[in-house]
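Chains as they are written, first to last, in our numbering: chain W, 26 to 192; chain Z, 72 to 231.
Treat the hints as calculated values from the structure; they're not laboratory data.
If you're wondering where the values come from, they're calculated on a predicted model, not measured in any experiment.
We put the CB at the ideal spot given by N, CA and C, even for glycine.
Be careful, since some hints might not be right.
Ranges of calculated distance between the beta carbons of each label pair, as one might list FRET restraints [said to hold, decoys possible]:
1. 114(Z) <-> 174(W): 39 to 47 Å
2. 43(W) <-> 219(Z): 28 to 36 Å
3. 53(W) <-> 138(Z): 15 to 23 Å
4. 90(W) <-> 223(Z): 26 to 34 Å
5. 27(W) <-> 104(Z): 41 to 49 Å
6. 141(Z) <-> 43(W): 19 to 27 Å
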Amino acid sequence: MNDGSERAAALVRAAQRGDGMAMHDLLDLLAPYVGRICGPIALDDGPDAAQEALIAIFRGIRGLRDPGALFGWARSIAVREAVRMARRSQGARPAELDDVPQPGDPQLAADIRDVLRRLSPEHRAVLVLRDLEGHGERAVGELLEISTGTVKSRLHRARLSFRKAWR
Amino acid sequence: MTDTIWPEAGLDSVRRLRIMAAAVPGAVYAEDVLALPFEEVWAVAADLESEFPHLLTDVRTMRVTRADGDRFEALARGRFGQRARFDVVLRPGWCWMQSRFLIGGMAAVAEADRTRFAFMGALRVPGARLVHPLSHVLGGTPGSGVIRRIAERTAARTER
Numbered sequence: 026m027n028d029g030s031e032r033a034a035a036l037v038r039a040a041q042r043g044d045g046m047a048m049h050d051l052l053d054l055l056a057p058y059v060g061r062i063c064g065p066i067a068l069d070d071g072p073d074a075a076q077e078a079l080i081a082i083f084r085g086i087r088g089l090r091d092p093g094a095l096f097g098w099a100r101s102i103a104v105r106e107a108v109r110m111a112r113r114s115q116g117a118r119p120a121e122l123d124d125v126p127q128p129g130d131p132q133l134a135a136d137i138r139d140v141l142r143r144l145s146p147e148h149r150a151v152l153v154l155r156d157l158e159g160h161g162e163r164a165v166g167e168l169l170e171i172s173t174g175t176v177k178s179r180l181h182r183a184r185l186s187f188r189k190a191w192r
Numbered sequence: 072m073t074d075t076i077w078p079e080a081g082l083d084s085v086r087r088l089r090i091m092a093a094a095v096p097g098a099v100y101a102e103d104v105l106a107l108p109f110e111e112v113w114a115v116a117a118d119l120e121s122e123f124p125h126l127l128t129d130v131r132t133m134r135v136t137r138a139d140g141d142r143f144e145a146l147a148r149g150r151f152g153q154r155a156r157f158d159v160v161l162r163p164g165w166c167w168m169q170s171r172f173l174i175g176g177m178a179a180v181a182e183a184d185r186t187r188f189a190f191m192g193a194l195r196v197p198g199a200r201l202v203h204p205l206s207h208v209l210g211g212t213p214g215s216g217v218i219r220r221i222a223e224r225t226a227a228r229t230e231r
């Protein structure tokens, strides 16, 4: 365990005992991390998703047996909450990627948000976990409860949309 | 693609306090939008020694005994002489405090020329209500009373 994860584990143990200052410092530690996951998946609903994810994390912190597993546990809650929030907000939009950006679309050239918006929340989740968080396809599949084959196909289609957007 | 700037979801102070209020068992929470500028509202909220006794009527005095960056230690005395030592974190738009028996927080965010203000408080142990100088704020006086008083105190300061 390095210094950072030791400190996080100590904060978790103190928060589990009801120490409000530890909860405060844990929020300082977790909020940017959860925000980095929820932002690209939930987009405009990112702050709502991050808020709900952190509520779930703090309500469940007493049940976290291994404080060293904090970030992995928080990550899975954040991804699930971001996908749920994005799906709800997306409403009638199809869940699968069906409107790949067109090459030369001027709005897409500089704005990653626009490209992400054209992906389903599930595609965005795969992209965030694989390309932003650097997890392997197997780990991504386990986290999202989908097969490695589905991870690969979603990743391929998501990356294709970026390539087309920035061609 | 990993070099790209990904959109991040930021959490303002009020969202942070909602999280804490949802996480702390039995917390009292109130939130409202005040028709007052953020700077004026927070000048009152952050003035622990002068304003805290006005906001929380069970507190007679509040004295800051130690300061280290955004971390403070403060000593509260209640109307009936009770004492409580608080650890405090004070930042623009954010105040979080804890004593042996209580946890409390205030948060404010500017919304154009108005301010969204939130307050929370919770007892850490059963029975604390009987011995702690601030504990009545969590019972007979709900958090909305604190918000009403902060609006009144802010308006009074501005009129001076």
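Here is what the structure says about each hint:
{"no.": "1", "hint": "114(Z) <-> 174(W): 39 to 47 Å", "result": "violated, 59 Å"}
{"no.": "2", "hint": "43(W) <-> 219(Z): 28 to 36 Å", "result": "holds, 29 Å"}
{"no.": "3", "hint": "53(W) <-> 138(Z): 15 to 23 Å", "result": "holds, 19 Å"}
{"no.": "4", "hint": "90(W) <-> 223(Z): 26 to 34 Å", "result": "violated, 48 Å"}
{"no.": "5", "hint": "27(W) <-> 104(Z): 41 to 49 Å", "result": "holds, 43 Å"}
{"no.": "6", "hint": "141(Z) <-> 43(W): 19 to 27 Å", "result": "holds, 22 Å"}
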